[in-house]
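Q: Sequence:
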Amino acid sequence: MFIKKNGNRTKATAGIDYQFLKLLSTAMNFQYSYIIPDDNKWGILEENNTWSGIIGLVKQEIADTGLSGLGIDLPRSQAVPFTVPYHYEQISFITRRSLERPKTFAMVYPFTLTVWMVLLFVLVVWTAVIYVMERVNGDMEGRKYLKFTSVFWYFFGSLVGKNVSETNLAHNHSAKPSKRKAEEVRQQILKKAKSSTEVPQAILASLFGGISEEVAGALPSTDSLAREIRRERDKDMEAHHYPLSRAELQIPEEFTKLNGENFLLHDSGLNENRILVFRTKKNLEALKESKTFFVDGTFSVCPLIFSQLYTLHGFNEDASLPSIFALLPNKTEETYKRLIRILQDLEPQIGIKLKTVMMDFEKAAINAFAEAFPHARISGCFFHFKQCIWSKIQSITGFQERYNNELNFQTNLKKLSAIAFLPVTEVIPVYEQLCDSEFSEDEFSPLLDYIDDTWIGRILRGNRRREPTFPLHIWNQNDNVKDCLERTNNSVEGWHNAFRLLVGSSHPTIWKIIEAFKKQQNVTEVKLVHYGRGNKKFQKKVYARVTKSLFHLVANYDSRDPLKFLSGIVHNFNY
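Heads up, this note's numbering is the position in the sequence shown plus 15, with the first residue counted as 1.
Simulated from the structure, these hints should not be mistaken for laboratory data. There may be inaccurate statements among the hints.
Stated by the list, open to error - Okay, derived cross-link-like pairs now, DSS-like style, lysine-lysine, Cα gap no bigger than 25 Å in a straight line:
#1 Lys-378 - Lys-368
#2 Lys-303 - Lys-542
#3 Lys-272 - Lys-296
#4 Lys-563 - Lys-497
#5 Lys-196 - Lys-207
#6 Lys-579 - Lys-430
#7 Lys-346 - Lys-56
#8 Lys-346 - Lys-430
#9 Lys-497 - Lys-579
#10 Lys-533 - Lys-303
#11 Lys-56 - Lys-378
#12 Lys-368 - Lys-303
#13 Lys-209 - Lys-196
#14 Lys-194 - Lys-207
#15 Lys-497 - Lys-555
Said to hold, decoys possible - Across the chosen pairs, the derived CB separations fall in these ranges:
#16 Glu-300 - Glu-349: 23 to 29 Å
#17 Ile-77 - Glu-349: 27 to 33 Å
#18 Lys-368 - Gln-448: 38 to 44 Å
Please read these numbers as outputs of a predicted model, since none were measured by experiment. All C-beta atoms in this analysis are idealised placements derived from N, C-alpha and C, irrespective of residue type, glycine included.
Let the sequences and hints guide you as you build the complete structure.
A: Encoded structure:
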């Protein structure tokens, strides 16, 4: 969200959050205003046990809702409720915690008194209907009629989610064979949940084959079975204490080793700046030989007591493999520098052959890796570069609709990302030419201002340009294409998606994430053996075709008109 101050008034002018609040206020018919913390802090627990910043404003009821990109650790999550982080910057809405109400009547809280009265009325009427229908049913086969109370309690149990079995309802007749078979299938599912690492849907698919319609109908829903699988897997972890902070975390020896080898390579100690690094010596040796590092962080599968899971992938034999798992306390530049120093202490020759570090556009991480590996080129991921520009396009009223419906408008906007493939010395003159020919109208000013400030550099006196947030050489892809190097972090993004499925839940316990690290390590070691034998990973045909097309365009740049060159580039990617 972009905020503008006008005297004592504060106003939001653009951003996905601004659009969201506008839609929400229209739909729910309320008005709102913006305030900014006077202390310019996100939210810190002070020594006097009060909260500063946005969290403080919400807890003190000065603000009803907060919007922030701060990391969600355990103390913050206990202070105020957070929504699930969204968008590229992991933004969350925060609200005041609801007042505690007596648990005695917890069951009635979801609905108003009127709704409960209607439900009771429908329950009684429906019970009477079923009771009468059974009485007039001539095909009873010697069975006794159901009592009115039996029917009532059956439907009441269904209403509150406690299924009354057909056995009890039907006067304790023997269980149907289909129900017995369904229970056998259910037990097989739970047994496989303990012995395999497959995701719940894969387990269900493997055991559902060949069952009859009657058995399928007697089984719980697939969602219920998936929850049972996750609960069964979590039982083994419940015996271990769940720490409330990084300083409190004590790691049993069984979680520090894998196949008799040290797996927890570094633990910085019992404090709030704690860093944990997991991997084997074999991974460090493979990383030492790597010419390209892919680095990336994620929050969704990170335990709440840490700020992020940071992974470092080495690139060997045309494939990237996860080499380092690190649980970090925050996203500061100093923390990234500490992590790199830890890795260099573990393996002094790490990065000795390094030529490129591919990463997202996170300033703190870029600075840390650039300082630690001055001989290597820091390369920003093209996918995230164009996604940043696309996010800005979406935030401008009317632009997304025009992009979807006007082909020429779409092509011109894509050229703003295509400039990443120009030679570095050509970027600014061609960008200026593009702005003059296609973006001279005032409606494009917010978009061009963003690109100037973030990627190009705003014009100063004397036709000089201010240093942008991210220098040209960071996001330019020309050399990557000419040297046949990776242009994106997509292989790492794909790995993150697969790892999320392996973990099976958001924000798992520390014990569950370590077990997932171990399972992933077993997969990595098999792949290392395969690649050592010369089994290479082949590119997808689409990616290979795009790579070939981009190489041809870049190699022949001098013989083409610059704007026509950009037109050729845009056919090779989408926002």
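Q: Against this structure, judge whether each hint is valid.
A: Results of checking the hints against the structure:
{"no.": "1", "hint": "Lys-378 - Lys-368", "result": "holds, 24 Å"}
{"no.": "2", "hint": "Lys-303 - Lys-542", "result": "holds, 17 Å"}
{"no.": "3", "hint": "Lys-272 - Lys-296", "result": "holds, 12 Å"}
{"no.": "4", "hint": "Lys-563 - Lys-497", "result": "holds, 10 Å"}
{"no.": "5", "hint": "Lys-196 - Lys-207", "result": "holds, 17 Å"}
{"no.": "6", "hint": "Lys-579 - Lys-430", "result": "holds, 10 Å"}
{"no.": "7", "hint": "Lys-346 - Lys-56", "result": "holds, 16 Å"}
{"no.": "8", "hint": "Lys-346 - Lys-430", "result": "violated, 32 Å"}
{"no.": "9", "hint": "Lys-497 - Lys-579", "result": "holds, 19 Å"}
{"no.": "10", "hint": "Lys-533 - Lys-303", "result": "holds, 21 Å"}
{"no.": "11", "hint": "Lys-56 - Lys-378", "result": "holds, 19 Å"}
{"no.": "12", "hint": "Lys-368 - Lys-303", "result": "holds, 7 Å"}
{"no.": "13", "hint": "Lys-209 - Lys-196", "result": "holds, 21 Å"}
{"no.": "14", "hint": "Lys-194 - Lys-207", "result": "holds, 20 Å"}
{"no.": "15", "hint": "Lys-497 - Lys-555", "result": "holds, 20 Å"}
{"no.": "16", "hint": "Glu-300 - Glu-349: 23 to 29 Å", "result": "holds, 28 Å"}
{"no.": "17", "hint": "Ile-77 - Glu-349: 27 to 33 Å", "result": "holds, 32 Å"}
{"no.": "18", "hint": "Lys-368 - Gln-448: 38 to 44 Å", "result": "holds, 40 Å"}
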